[in-house]
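Following the hints, put chain B in place on chain A, whose structure we already have.
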Amino acid sequence: MTTWRNLFNRLANDLTANKRVAVVVIGLVLLAGWLRLSNLSSLPPAPYWEEVALGYDAYSILKTGRDHHGHSWPLVAFESFGDWKPSGYFYALVPFIAVLDLSVQAVRLPAAVAGWLSVIGVGVLAWQLADLFFERRWRMGLTAAAVLAAATSPWGVQFSRGGWEVTLATLFIILGVISWLKFTGRQLAEQSDQALEGVSTRWLLASIAFLGLAMYTYQAARLIVPLMVPGLVLIWWWRSHGSLYPPRPLQLGQAFLARHRRQLLLAVVTGLVMTAPIIIDLNSPTVSQRFTETSVLHLLEPIETSNSIQQAAGHSLLSRLFAHRYLVFGRVIAGQFLSHFRPDFLFLSGDVNPRHSVQLFGQLLYSDVVWLTVGAVVILRRRSWAGWLLGWWLVAGIVPASLTRTVPHALRILPSWPVWMLMIAIGMTEVLRLAHQLIASLPALPRLAMPKRAALGVLAAAVVLANLVQIGWWWRVYSGVYPKQHGREWQVGYRQMVIAIEQLRADHQQLPLYVTREQGRPAMYYWFYTRTDPSLVQTAQETARLDQGEFLTFNQFSFVRSMDEVPVGPAIVAASPQQWAGLEQRLVSQPVTAQPVSIIVDTADQPVWTVGLLSAEVP
Amino acid sequence: MPSTIQDLPTVATDWLAKRGRGQRGQARLVWLASGLIILLAVVLRTWRFGSVPTSLYWDEMAILVDAKSVAQSGLDMHGNHWLQTIFPSYGDFKLPVQIWLTALVVKLVGPVHWAVRLPSLVAGLATVVLAGVLTEQLLKLSRFQSRALAQSGRFLGVARLFAMLAVAISPWSITFSRTGFEGHLGQFWLALSVWAMLKSSQRWWWGAVAGVLGALATYSYFSVRFVWPGVLLVVMAVLIWRQLSDATAGLSLSALGRKGTTLILVPTAVFLALLVPMLRSPWYQPSNQFRLSTPSVLNANYAVSSNQLRELAGNTFVDRLIFHRHWLLLRSLLENVADHLDASYLFLTGDDNLRHGTGQHGLHLAVMLPFLLAGLYYLGRYYRPALVILMSWWAWSLLPASVPLDTPHALRSLNALVPTSLIIAAGLAASLEYLRHRRGRCFLGWSQLTLVAVTAAIALSVWQFSWFYFGPYPVLSGKWWQGGYNRLAVAAVERRRQVDHVVVIEFDDRFHLWLMAQDAFTARDFHSWESQNFKFRRFDNIIIDEIKVVDDYLDKSNSLVVIGLSQQVEKMLRDDFRIEHQEIIDDIPGQQPLQVVTLIKR
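These protein sequences, in sequence, are chains A and B.
Position one of the first sequence corresponds to residue 1 (the numbering used here), numbered consecutively onward.
Position one of the second sequence corresponds to residue 1001 (the numbering used here), numbered consecutively onward.
This list has only true hints and no planted wrong ones.
Examples of chain A residues lying across from chain B (beta carbon under 7 Å, computed):
id	residue
1	309
2	312
3	318
4	322
5	331
6	338
7	339
8	341
9	342
10	343
11	344
12	348
13	473
14	480
15	481
16	484
Honestly, the hints are just simulated from the structure, not real lab data.
Even glycine gets a Cβ: it sits at the ideal position worked out from N, Cα and C.
Isolated chain A, as found in the complex:
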């Protein structure tokens, strides 16, 4: 903790030395908090099924020490719907649920707080790396630019407002990199001052801890972190020797290993101990299931393409070489990687999944196209280890998503979000720096114009204003249009449906209940909204019918694919209006009638649930 306190003390000193920048930074941090925390339970309009599953299993852990399937304190992953979610976010939820009870707000708060802290984390990263891109006097400017970019990032806000495990994992990765940079920086200082020896080891352990936690929080992090590690080691080497390829590298390498053997051993052992449970389960569904379900390597299409090309070429030797399925898969993966740099994805419409984007904005702001371009040029020109770090982090953050089927994927590449923000910040700072140079070189400005030094402030204010206008525009879409256009993506209506069912159950306690699975995972929603005692669910596990990890029956509940599965007889029923109409048709010549009791509408005022009774007709 001392080490972190020292880090923040130094940052605070810099801030107090630049009071105007400090005010802006604090204001932006507060804005970031408001964007991420306000109306959290109603925006997005309802929790989607993963959020509900996270919340209920965390509730189950809090109450019973087991998940709803009865597994005791799972370490690597929770079974959930059979998709084996990493355990980190569940445990992060437990204290929030303990304080706020099981609720949408409680489920979303860890991600919101993590997203907010990530804004500060990006600022700290920018402050750490500033000297490698700009002169010392631009350090606070870059920090402010980074906070501005992160605070007003639609991508960042979208994934801070929901129970997104990836947001927490991204924060851990940011903290891991910050710690690593402190460690490697401390190493340099220790080389000249023996009194500092040992301080860096704490940073090393902190870094390993954070990166390890990321691997327990999000599936893709289990690939991202191992991919980042060689890059981080490379940075250590570079910072120690002042160059990526110094003269006499073999001798230097031996000396490096000898000098740092204790720390290297500690790092390896700590890393292995932390990740041992994951490594042990590598071939079990707890780790590999998700990859199997989403991997592009299990697609048939590339194999069919390879076969058709080879057939068209008469199965010649060259065709077996040039059209080998591995090459076809390689091309597919390369295309998937490149898709994350599509301009429409980044700047215009974002991820096609409406939960990941409002569809009228890209993942970044419109003006970011300029900052990003300039930032990339600056990074290339400086040719420092910081550029390598950012490039490596970017690639490592995108490669795992490139191996999956749905691309481009804003959620899966969120761990690369800090890099995008830093590049944007570097671009903003460079433009202001060039503008400052230009202004300084001009002859005296006309009488009516402001003093030269104020001109830079005006320009900076214009940049801030441009971002604020765009995020304000985005917020208008997000809060006004998005919930109504895309409410169904968030399973709007479940809460009201559960309330309606409970009201009917109060009067008809003996009746069986049938709920369709059209909106997805109705059992979990029921437990979530009624705060069902987890021990009841754990007990029911033994006798319930399951579809992978999803309950199809629970006590007198049956969760059916369609109303065709509902037997003709008295019951409480919840289904979509279309299914309800089908049911009414089916019951035309039956001695049972379907009586709708509640029609639940979504945010666009369209019926989404019909809840009612099947009752025997009175002769």
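Below, chain B without anything else, positioned relative to chain A:
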């Protein structure tokens, strides 16, 4: 001799350097390299020319028929004079230049199918040479010379060679050099016009030449009329800026103003004057209507979606601003532009349409991606005027291609071939210079190894593309090239004299073009036939109609040839007719089987 494999690149470059020592030696090397690149371009474009792609598709066939008619009679297939600015064709209103050039070829060699592709072949080879010439002109706009690229003369020479190479081996260029698409001709005239624009800073009359070439480009491909003016403005702005910043010119402001006005006005006036005949063509409005009927951002109803969004948001003043229909239209257009900038489309997959690409290769080879980025960086750092022109050229090329909704489109954006190739060339040249600069100072000779690796990667990519294009591609793309249509047409024309009628059950409303392209029919025949909506459905004893007329013709004929989709032809067979001859064409992957059957009454 090299003592280790690591020494091999050094020894090779030293050998070449000895040969090229001195100005004369260097010039020899440059000519040798240019010759080899042109030879490569020739081989890639002429090998199995006419048979890969496997056959002509409808637009090429229409051009061939009109060219045949013009060559034989001076009139198009509908009897209009050849000197017209818009040819009605089969109702899609074609521009004249491709037809005129094809007519010249037909006049020399007859109405062979490859005649329609020859002008494109020549344009493709000329584009290779033009790319080299343009590179030098563009790079010389910059006065600033980097210390890192100290031997700028060598850099220019190398960039020129790489520009030729980039076009020579580009799948985009190769594919369109071997087909009769007007867009390919258009991009060549446009690039030539840019060359003339750049020369106009030395002699004003080059501006007039640029205007003529711009008009020629516009008379080749419709979209160029939107691209050329934009490119002209940017090129002239850069030239005027160059004049302004050139301290040695010593020109007064008024002289500069006059020069600037001349630079812009002369080509513009010539261009507009030459477009007047097109504007006055009776087919101009119908051609515009035809093109606008394609689903595009211009005919999508943004007012409806704008109103919906405003209502959802609350319909305040701010909402009316941020959800304005013009903003939604602009967004849609930008999304289409973004489709053309997708790196995967540019370097990995290309266009979905197998007439526009192989489907397995990008517009440029995948190995060129890092060089596009390197080119953007180096041009931005050291050759900004060139970058401004090339990027603007690229952007203007994408605009008309982004208006229709089906994007990305390799044909409509073909005007971007030259600027993207030149940027790649700059990247290649800069990378080579960087490696030469680092040679000898580097760790384990990685610069030499990199050079060898990159050269091998490029060579392997060219080999792989060539293998695919001449091997599997003709088989996999048969359906896209109306494979089998010509066989049907040949059978129909061969047998028409032996039967009472030839009935074609309409499976493609352009099939008549394949019939008209046969040697048996001449321009005189075309002019004696009647057309409906520019399509010929009844000529000689050939009838193209719906399936329901077949029975009528079976009733009134003793012998009949029936052509069409195999399943439809099978339905029309009757017991009172025996099959004398039957040919089923079912060997084209993805294409429905076609059939020609000769029926004789029992």
